[in-house]
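Going down the list, the sequences are from chains D and B. With the first letter of the first sequence counted as 1, position 10 gets the number 1049 in the numbering used here; the numbers rise by one all the way through. With the first letter of the second sequence counted as 1, position 55 gets the number 56 in the numbering used here; the numbers rise by one all the way through.
Derived by calculation from the structure, the hints in this document are not laboratory data. None of the values given here were measured: they were computed from a predicted structure. Among the hints, a few may not be true.
[Unchecked claim] Partial chain B-side listing against chain D, Cβ under 8 Å, derived:
1. Phe-35
2. Tyr-59
3. His-86
4. Pro-87
5. Asp-89
6. Ser-90
7. Pro-112
8. Gly-113
9. Thr-117
10. Val-118
11. Leu-119
[As the list claims (entries may be wrong)] Far from chain D by the CB rule (all over 12 Å, computed), these chain B residues:
12. Glu-23
13. Phe-29
14. Ser-84
[To be verified] Examples of chain D residues toward chain B, derived with CB under 10 Å:
15. Pro-1047
16. Ile-1052
17. Gln-1053
18. Glu-1054
19. Thr-1059
20. Tyr-1061
21. Val-1083
22. Leu-1097
23. Gly-1105
24. Ala-1107
25. His-1114
26. Pro-1120
27. Thr-1123
28. Phe-1139
29. Val-1147
For each residue, glycine too, the CB sits at the ideal point set by N, CA and C.
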Amino acid sequence: TQLLEQSPQFLSIQEGENLTVYCNSSSVFSSLQWYRQEPGEGPVLLVTVVTGGEVKKLKRLTFQFGDARKDSSLHITAAQPGDTGLYLCAGALGGNQFYFGTGTSLTVIP
Amino acid sequence: GAVVSQHPSWVICKSGTSVKIECRSLDFQATTMFWYRQFPKQSLMLMATSNEGSKATYEQGVEKDKFLINHASLTLSTLTVTSAHPEDSSFYICSARIVGIPSHNEQFFGPGTRLTVL
């Protein structure tokens, strides 16, 4: 059983559509990160959220940290083929360790 | 920016041999490095936390005698897969935290090493 569950696991949408990816846990995290990973490469950090209720925007991507710091969401507006990839959330429990979510594989069809 | 490298980027070995993977922080010092493994189309699973100058902390279910970790300096951690078997074939990724920066636990990832055991 993984600490962080992401949904959906797979998502295939048309270019221009909007989508939301969810990252849920029963644990409270001191911080939570979102990453995007391309095949055969390491994850690339998109954002770090720290405060409950925090919302951060990165161009067409909006990230929200739940009030209780147990969950997070990633919303992409007007998805583009370049957004295709594996999206991973990762939570820190206050120590050194990071735990990754189950992952969401996104495909944006031109 | 903070750059982490891994070497080799891919390796193929025979069953029963040992393989060493290096993880280096190129432009910063890292007191803590992490090792993950990732199976195809799955997420990253934390294997161990590597602290410079001390023994690594392994996650439950990870055999410390099979996956030897050494963090001899602030810029280098190594993972040795001993007596590798086909089930050890995976994508191994390291990450590093920057010393002295209150970065809310941000970590920077290497590009990964693809291990195939025949």
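Consistency of the hints with the structure:
1. Phe-35: For B:Phe-35, the interface hint holds, since the closest Cβ of chain D sits about 7 Å away, which is under 8 Å.
2. Tyr-59: 11 Å, violated
3. His-86: Constraint on B:His-86 not satisfied, violated at 23 Å.
4. Pro-87: Since the shortest Cβ distance to chain D is 20 Å, the answer is violated.
5. Asp-89: 18 Å, violated
6. Ser-90: The hint is violated - B:Ser-90 has no Cβ within 8 Å of chain D, the shortest such distance being about 14 Å.
7. Pro-112: 5 Å, holds
8. Gly-113: 5 Å, holds
9. Thr-117: 13 Å, violated
10. Val-118: Given a least distance of 18 Å, the restraint on B:Val-118 is violated.
11. Leu-119: 20 Å, violated
12. Glu-23: B:Glu-23 clear of chain D: closest Cβ-Cβ about 14 Å, beyond 12 Å.
13. Phe-29: Non-interface label on B:Phe-29 holds, nearest chain D Cβ at 15 Å vs cutoff 12 Å.
14. Ser-84: At roughly 26 Å from the nearest Cβ of chain D, B:Ser-84 sits farther out than 12 Å, so the non-interface label holds.
15. Pro-1047: 14 Å, violated
16. Ile-1052: Violated, about 18 Å.
17. Gln-1053: At about 22 Å, which exceeds the 10 Å cut-off, the nearest Cβ of chain B leaves the hint on D:Gln-1053 violated.
18. Glu-1054: 23 Å, violated
19. Thr-1059: The hint is violated - D:Thr-1059 has no Cβ within 10 Å of chain B, the shortest such distance being about 19 Å.
20. Tyr-1061: 14 Å, violated
21. Val-1083: Nearest chain B Cβ about 7 Å off; hint holds.
22. Leu-1097: 15 Å, violated
23. Gly-1105: For D:Gly-1105, the interface hint is violated, since the closest Cβ of chain B sits about 16 Å away, which is over 10 Å.
24. Ala-1107: With Cβ-Cβ at 18 Å, over 10 Å, it is violated.
25. His-1114: 20 Å, violated
26. Pro-1120: 19 Å, violated
27. Thr-1123: 14 Å, violated
28. Phe-1139: 4 Å, holds
29. Val-1147: Status violated, d = 17 Å.
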